[in-house]
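A.B. asks: Residue numbers (the working numbering), protein chains in the order written: chain X, 1 to 288; chain S, 289 to 571; chain Z, 572 to 830.
Source of the hints: derived by calculation from the structure; they are not laboratory data. We put the CB at the ideal spot given by N, CA and C, even for glycine. Hints should not be assumed to be uniformly reliable.
Stated by the list, open to error - A few chain S positions that, by computed beta-carbon distances, are all more than 10 Å from chain X: (1) Leu358; (2) Gln449; (3) Pro509; (4) Ile561.
Unchecked claim - Label-pair distances were calculated between CB atoms; the ranges are: (5) S:Pro538 to Z:Gly726: 51 to 57 Å; (6) X:Arg283 to Z:Ser755: 38 to 44 Å; (7) S:Trp330 to X:Ile102: 33 to 39 Å; (8) X:Phe26 to S:Gly557: 33 to 39 Å; (9) S:Asp319 to X:Arg5: 55 to 61 Å; (10) X:Ile102 to Z:Pro759: 44 to 50 Å; (11) S:Thr533 to X:Thr228: 24 to 30 Å; (12) X:Arg5 to S:Trp330: 53 to 59 Å; (13) X:Ala37 to Z:Asp658: 57 to 63 Å; (14) Z:Lys672 to X:Gly13: 34 to 40 Å; (15) X:Gly272 to Z:Asp658: 46 to 52 Å.
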Amino acid sequence: MGRDRAIQIGFVGIASSSILVVALIFLFLFKEAAPFAKHPGLAALLDNQWIPVSFQKERFGILPLAAGTVLVTAIAMLVSVPLSALAAVYIAEVAHPLEREILKPFIELLASIPSVVLGFFGLVVLAPLIKQFFGLNTGLNALTGGLLLALMAIPTIVSVSEDAINSVPATYRNGSMALGASRMQTIWRVVVPAALPGILGAVMLGTGRVIGETMAVLMVTGNAALITANPLSPVRTMTASIAAEMGEVPFGSIHYQALFWVGIVLLLITFGLNFIARRISVRYGMMR
Amino acid sequence: MNRQLHETAAVFLLRFTTYAIVGVVGYILLDIIRHGLPVINWAFLSEMPRRAGSEGGILPAIVGTLYLTLGTVAIALPVGIGTAIYLSEYAAPGRLTETIRLAITTLAGVPSIVFGLFGLGLFVLFCQFGPSLLAGSLTLACMVLPTIIVTSEESLRAVPQAFRQASLALGATKWEAIRTAVLPYSVSGIITGAILGIGRAAGETAPILLTVAAFFLPKLPGSIFDQVMALPYHLYILATQHPDTDKVLPLQYGTAFVLLAMVLGLSLGAILIRVHFRRKYKW
Amino acid sequence: MVKNDTPTGPTAIEVRNLAFHYGASQALFDINIAIPARQVTALIGPSGCGKSTFLRTLNRMNDIIPGVRVEGDILIDNENIYRDKIDVVRLRKRVGMVFQKSNPFPKSIFENVAYGPRIHGMNDKGQLGEIVEQSLRQAALWDEVKDRLGNNAVGLSGGQQQRLCIARALAVQPEILLMDEPASALDPKSTARVEDLIDELKTKYTIVIVTHNMQQAARVSDWTAFFYEGRLVEYGRTKRVFTNPKEKQTEDYITGRFG
Ligand SMILES: Nc1ncnc2c1ncn2[C@@H]1O[C@H](COP(=O)(O)OP(=O)(O)O)[C@@H](O)[C@H]1O
Ligand SMILES: [Mg+2]
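All chains should be built: construct the whole structure from the sequences, respecting the hints.
C.D. replies: What follows is the structure in structure tokens.
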């Protein structure tokens, strides 16, 4: 029995390593970022310009980067949410069972395409199309980035929403049909509202994924740190800044610390989104 | 009559949207295959790159990615399985279990570039591993941990309670029961999780950008403290940093094809393994 | 409470003032019973009255359910299985169990029976083979499966699976065999085989069997214990309990007036 007890304690230890890793992530991000708070001070992060390398005065405002992330994310969600919701409804409610067995894995396949491959596709196929269509000088802009990110969000949202729709009890449907409602009325007035919390959770997971995505946006958004709402303008997201600049900064420099602050902001945003998504799914019994 | 039309139009809209998505996925795959496959030959796969990747093959990137994924799984698999065993077999509802689950969901949501920053701060700098296979594998291992935990736990829970009881009633200790009457029947799920983890590790660029990847390094790694090239990073470099990106477009497609084939091949493998084991063990 | 006969021969299990709780709800109240060695004792009573719970206290299988609490004493071979610092593993080796729903492992017939001996450290091929054969013979399954020991046990019929589970329990050489409605999922023919088997096994083993089938209790058991709402209402020789119950509740139950 003593041996069994020791084994159990061993497993508690192993299982706790996830907690340890999360703690270490917070710890080391703050550790690397910390000196910035003394000099030049956290207020510097609120500047409205990001000019990390300059002969006059470096400026480390996260705002333009956040604006880039917001714009690209907004485009991605505007495109992906309606499409994903329609596809999820189709797969869950309309598709033939065999069709569903094929469609769902196929769309989920999209999630396993490496983001650098999608970025590459965006660079060589999508960006030229956008450039031509809008008659621009370059196809590397927020719209191209947003469309690529929509592709990355779609499998998450479709898959999780489809599960949510599937778990709506059959009695709801039967009740509605028995009252003489048509299939579409039943779907839109009964099934989808009942699955709404799950769909909302799916959208949050998708948003988290989009905000955190790096390579695709790095490759196709043009990387200009501007505050703009114009989808056809190049932008620079938070993730892309870290990826593009971290390789070239001297370790420990102020610029280096600023990039860690960008990472912290990213971490907190995605942490918040996941936390809420998890709350929703626990509340509505879609997770253990 | 009108209502009938309405219904038909709605179904059409739903179906059209779904197949439009399918069409886009198919188009991306086809585009990469169509342009990538003709580039693939033995020389491309087995030769060193020359002139900063403008010519020659991608051998070190393939090997680097292989080593990285193997290292990742070697680290993440034991921890992932152990955590899954704890969650499915030992954990009682309570504070600790809740916290572990929250940590796992948190990890699953951490952006990959943040893993890169973390790996840089902890493994590369603090542990002084430098940019290396070791630092990269450790970073990727933290990233794929949730995937492995979740799939493994699912498969452990799918093993009927009756097996555990039969084993315990024969005088097995709890651990013996887990080892002999639970784990053997969940291997399929565990292997699936491992393969999905490998696939994810193989395809990620952002975390290795800061912890291991070398721009151009035409030799094979000799130790876990060496830097390596990796397929996704190589593709990124060729596509965006190369002075003459148009000229090396075929090489980009070739690299993208190899990477995609590897990652999708792994996903397919995971599916096949699942099917195979489901047939072998049915209860 | 002098309504319980006491067996005169050697006692295998002695239960004193046993109470059992699942968290806040109490499932057994003040159970006192002496179970005779090498005889068959049947536990009967309406569903939910605590038969299975009682059976599982005897090999401490309830321990794996979180939040349970046991009071009182159970003595097996003069050893208090709850008080003394006893080894649960050794206890379960001595007190085997067969479940209501047959639960063979999805591996070969041979490996199913060899499972117990293996976890207890036996690795010798020859010895294992002998034990497997002997256990399968005792479980009256040998002739049916001797040519296909390598086949997956999941392919056996329901009745064969249950006898395999009995063989698996016998392979660790227990003294006591607990059976929780072992035939409730079987067809009449398989049930008859299992009942015959119980009759043979009692020459070597003490058997405690839960059943909701009155005829079965009457056919296979020497002693019968009637449980009702977590209490042991009546206990005595099967013949006596069935022909001349002392308690009104027992009579109502065995004549089919409730349950
Ligand atoms: N795991 C458990 N947790 C909580 N209560 C239980 C559990 N198992 C059984 N019970 C309760 O204990 C009582 C006795 O159950 P049981 O021993 O299974 O009865 P029987 O085998 O006679 O049908 C019932 O009221 C049942 O609901
Ligand atoms: Mg019962």
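A.B. asks: Decide, hint by hint, whether the structure agrees.
C.D. replies: Evaluated hints:
{"no.": "1", "hint": "Leu358", "result": "18 Å, holds"}
{"no.": "2", "hint": "Gln449", "result": "16 Å, holds"}
{"no.": "3", "hint": "Pro509", "result": "20 Å, holds"}
{"no.": "4", "hint": "Ile561", "result": "15 Å, holds"}
{"no.": "5", "hint": "S:Pro538 to Z:Gly726: 51 to 57 Å", "result": "55 Å, holds"}
{"no.": "6", "hint": "X:Arg283 to Z:Ser755: 38 to 44 Å", "result": "40 Å, holds"}
{"no.": "7", "hint": "S:Trp330 to X:Ile102: 33 to 39 Å", "result": "35 Å, holds"}
{"no.": "8", "hint": "X:Phe26 to S:Gly557: 33 to 39 Å", "result": "35 Å, holds"}
{"no.": "9", "hint": "S:Asp319 to X:Arg5: 55 to 61 Å", "result": "58 Å, holds"}
{"no.": "10", "hint": "X:Ile102 to Z:Pro759: 44 to 50 Å", "result": "46 Å, holds"}
{"no.": "11", "hint": "S:Thr533 to X:Thr228: 24 to 30 Å", "result": "26 Å, holds"}
{"no.": "12", "hint": "X:Arg5 to S:Trp330: 53 to 59 Å", "result": "57 Å, holds"}
{"no.": "13", "hint": "X:Ala37 to Z:Asp658: 57 to 63 Å", "result": "59 Å, holds"}
{"no.": "14", "hint": "Z:Lys672 to X:Gly13: 34 to 40 Å", "result": "36 Å, holds"}
{"no.": "15", "hint": "X:Gly272 to Z:Asp658: 46 to 52 Å", "result": "51 Å, holds"}
Violation of the numbered hints given earlier is absent; every hint is satisfied by the structure.
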